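Visitor: Residues per chain, in single letters:
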Amino acid sequence: MSKGRFGIHGGQYIPETLMNAILELEDAYNYYKSDPEFNQELTMLLNEYAGRPSRLYYAKRMTEDLGGAKIYLKREDLNHTGAHKINNVLGQILLAKKMGKTRVIAETGAGQHGVATATAAALMNMECEIFMGEEDTRRQALNVYRMRLLGAKVHAVTTKTATLKDAVSETMREWTRRINDTHYVLGSCMGPHPFPTIVRDFQSVISRETKEQIIEKEGRLPDAVLACVGGGSNAIGSFYHFIEDSQVRLIGCEAAGRGIDTAETAATIATGKPGIFHGMKSYFCQDEYGQIAPVYSISAGLDYPGVGPEHAYLHDIGRAEYVAVTDAEAVAAFEYLSRTEGIIPAIESAHAVAYAGKLAPTMSPDQIIVVTLSGRGDKDCAAIARYRGEDIYE
Amino acid sequence: MSNIRKSFENGKAFIAFLTCGDPSLEITERLVPAMADAGADLIELGIPFSDPTAEGPVIQEANARALAGGVTTDRIFDMVARIRQKTDVPMVFMTYANVVFSYGTERFISRSASLGMDGLILPDVPYEEKEEFDSVCRRYGLDFIPLIAPTSHDRIRTIAREASGFVYCVSSLGVTGVRSQITSDIDSMIGLVRESTSVPCAIGFGISTPDQAAHMAGKADGVIVGSAIVKLCAQYGSECIPPVTEYVRSMKKACLDL
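Chains as they are written, first to last, in numbering that gives the first Met the number 0: chain A, 0 to 393; chain B, 0 to 257.
One thing to keep in mind: the hints can contain errors.
Unchecked claim - Computed spacing ranges between beta-carbons, pair by pair: (1) B:Pro56 - A:Gly258: 28 to 38 Å; (2) A:Ser1 - B:Asn9: 36 to 46 Å; (3) B:Gly68 - A:Tyr57: 51 to 61 Å; (4) A:Ile316 - B:Glu105: 18 to 28 Å; (5) A:Arg219 - B:His152: 45 to 55 Å; (6) A:Gln366 - B:Gly68: 51 to 61 Å; (7) B:Glu25 - A:Asp286: 15 to 25 Å; (8) A:Ile316 - B:Leu255: 55 to 65 Å; (9) B:Arg29 - A:Ala262: 31 to 41 Å.
Stated by the list, open to error - Derived DSS-like pairs: lysine-lysine, alpha-carbon spacing no greater than 25 Å straight-line: (10) B:Lys230 - A:Lys159; (11) A:Lys32 - A:Lys97; (12) A:Lys272 - A:Lys2; (13) A:Lys2 - B:Lys129; (14) B:Lys129 - A:Lys272; (15) B:Lys218 - B:Lys252; (16) A:Lys32 - A:Lys2; (17) A:Lys272 - A:Lys159; (18) B:Lys5 - B:Lys85.
Unchecked claim - According to the in silico footprint, chain B covers these stretches of chain A (three or more CB under 8 Å from chain B): (19) 9-15; (20) 18-24; (21) 156-164; (22) 170-177; (23) 265-277; (24) 286-293.
Honestly, the hints are just simulated from the structure, not real lab data.
Quick caveat: nothing in here was measured; it's all calculated off a predicted structure.
No residue lacks a Cβ here, since even glycine has one placed at the ideal position from N, Cα and C.
Could you build the full structure based on these sequences and the hints that come with them?
Guide: Structure, rendered in structure tokens:
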């Protein structure tokens, strides 16, 4: 009966009002994913519009400085709109268009997914409304302006902690209000089936390219692949084609916020327990009665109390490892990569860079680490400056 | 025959929802028997959840107030035990899957049954996921109440065929809350339910006035009201018992007068 399971995780825990829309989406996706014309159009958009394939860049100075494994950066930050989010959005909006939808809605945390959705909606002439926590509209004011510039309507969500979790809840509510002409472009590999699978498939272009590129450059597979994990879309995309290669360590870097021993954390696998929320069974930060915790991270994009069900499963079976990285470590890595390689990473991606900084020195120079730089950090400069006590205007 | 059947034996049923612990568990405890005396045939006890994705602003805020006041699932169970000493009105829990799952599904349902609860409604558990909860409910003699929506179409027969207790017919798209007009084709939804089951069918979402109640009672076996009652609890706080019972009386009367 239940579909879309990853071990015990996943499923379709959503109101009945949404079920036929979800089933319609699943049918459409199953049809179009093997439709040559759809795939040709999508590849054209990814290459010509978004700028794929993204580069696999050898971070020579960082490698030499850390004095251990060779570090490669998978440059999703160089995609159009500045993050991996566009991979999924182009796929979903093209799919929505084929399904005859004329309007898209989406949640956003850091604003990257909102900007990507607004961008693709402009390109494909779709009406677009974005739901963003009010707190995040303050943290990421520039992205709010970008979305409006791109023709989207941005709603500030004021309920609860006014962050990503609340934006997801409000977008789900909006979908139950208006469903016939509307597709919900979920931004991460989470939510009810088929979203975790659709988003993973569209993001798996990252690991497909990485595998080809590293074999071309090094003639072998990497020893470890690192990516940051909020809902986990860039991580599942970075891991997917390596899951079958058991010698490749897959390491997801969660946001520990002020530390996993504090209440101000968003490290779901480190501190959460199994639950059912936002359409899926997975791990969630919650209290003993199942009330979802008000999580915290300096990174709006990782500030989410759950994790995609496939990550929960990869954790359960021990195929992937999940580590927690604090705000302070991520900020230090944000500054480090800027100075060392001249690349300003998104604060989300800086969590993965930070762990690479710990891991590389423990490995030997003939080993290889690939770190996915999921996004660029321009959007974070003002917030990081404020974190360092410098009050600058965007 | 489950206890819930009795709710539909006094003419068209009036089903009242309230959020446990808003304004306080003490008031909820007194409100339930008072609503039963005023004519409520079935009470839905809402266990508050931090992120109620099927609710509109009125019930969202009630959930937040109740949780801020320290309400927990265990304290609600204790309250139910005390309520059961005062009234035998059929009662069901309405909450979200995680509240039940995190408590331990079997532990939650067995405790509900032993305290005299009659059913369970989980708006985020559709037909495809129901077995995990329904199978346990069946073992403990609780009805797992299914919902159908204006978008359900071809799913209605499948859902209704396996229904127990009653079928919760969602009147409109969107979340819970008061609406001035209900435009869905309720008649055809209910027609499909009636073709498939003898289990009664009650309509909820958006109903607040006696006129609406009478109109909907003309179509179904019962009428469910939530947000309008929760609004009164919010407006009158600890003084809400008289206005809520008065409201329940007027709504039950409307259901009977048609």
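Visitor: All hints, please: hold or fail.
Guide: Okay, the hints, checked on the actual structure:
1. Between Pro56 of chain B and Gly258 of chain A the beta carbons are some 35 Å apart, a value that agrees with the proposed interval 28 to 38 Å.
2. Checked against the hint of 36 to 46 Å, the C-beta distance between Ser1 of chain A and Asn9 of chain B comes to roughly 38 Å, which is consistent with it.
3. Against the hinted window of 51 to 61 Å, the Cβ-Cβ separation of Gly68 of chain B and Tyr57 of chain A comes to about 58 Å, which satisfies the hint.
4. Between Ile316 of chain A and Glu105 of chain B the C-beta distance comes to about 25 Å, which sits within the given range of 18 to 28 Å.
5. Hint check: Arg219 of chain A to His152 of chain B, Cβ distance near 54 Å, so the stated range 45 to 55 Å holds.
6. Our hint of 51 to 61 Å for Gln366 of chain A and Gly68 of chain B holds, since their Cβ atoms are close to 55 Å apart.
7. Remark: the range hint 15 to 25 Å for Glu25 of chain B to Asp286 of chain A is upheld by a beta-carbon distance near 23 Å.
8. In this structure the hint that Ile316 of chain A and Leu255 of chain B lie 55 to 65 Å apart at CB holds, the actual value being about 59 Å.
9. Evaluation of the 31 to 41 Å hint for Arg29 of chain B and Ala262 of chain A yields a pass: the beta carbon distance comes to about 35 Å.
10. Proposed proximity of Lys230 of chain B and Lys159 of chain A is supported: the alpha carbons are some 19 Å apart, at most 25 Å.
11. For a cut-off of 25 Å, the pair hint linking Lys32 of chain A to Lys97 of chain A stands: about 12 Å separates their Cα positions.
12. For the given pair, Lys272 of chain A sits about 22 Å from Lys2 of chain A by alpha-carbon distance, which is consistent with the 25 Å threshold.
13. The straight-line distance between the Cα atoms of Lys2 of chain A and Lys129 of chain B is roughly 12 Å, inside the 25 Å bound, and the hint therefore holds.
14. A C-alpha spacing of about 21 Å is found between Lys129 of chain B and Lys272 of chain A, which places the hinted pair at or below 25 Å, so the restraint holds.
15. With a CA separation close to 16 Å, the supplied pair Lys218 of chain B and Lys252 of chain B stays within the 25 Å bound.
16. A threshold of 25 Å between alpha carbons decides the hint, and for Lys32 of chain A with Lys2 of chain A the separation of about 18 Å falls inside it, so the pair holds.
17. Proximity of Lys272 of chain A to Lys159 of chain A is assessed by CA-CA distance (about 21 Å); at most 25 Å being required, the pair is judged to hold.
18. Taking the CA atoms of Lys5 of chain B and Lys85 of chain B, the gap is near 18 Å; set against the 25 Å cutoff, the hint holds.
19. Coverage of the stretch 9-15 of chain A by chain B holds in this model, with 6 residues showing a Cβ closer than 8 Å to a Cβ of that chain against a need of three.
20. Restraint check on the stretch 18-24 of chain A versus chain B: 3 residues with Cβ-Cβ distances below 8 Å, three needed, restraint holds.
21. With 3 residues bearing a CB less than 8 Å from a CB of chain B, the stretch 156-164 of chain A meets the requirement of three and the coverage assertion stands.
22. Judged by the Cβ-Cβ criterion of 8 Å, the stretch 170-177 of chain A is covered by chain B as claimed, because 5 of its residues qualify and three suffice.
23. For a cut-off of 8 Å, the count of residues in the stretch 265-277 of chain A with a CB near a CB of chain B stands at 6, and the three-residue condition holds.
24. Residues of the stretch 286-293 of chain A lying with their CB closer than 8 Å to a CB of chain B number 5, which satisfies the three-residue condition for coverage.
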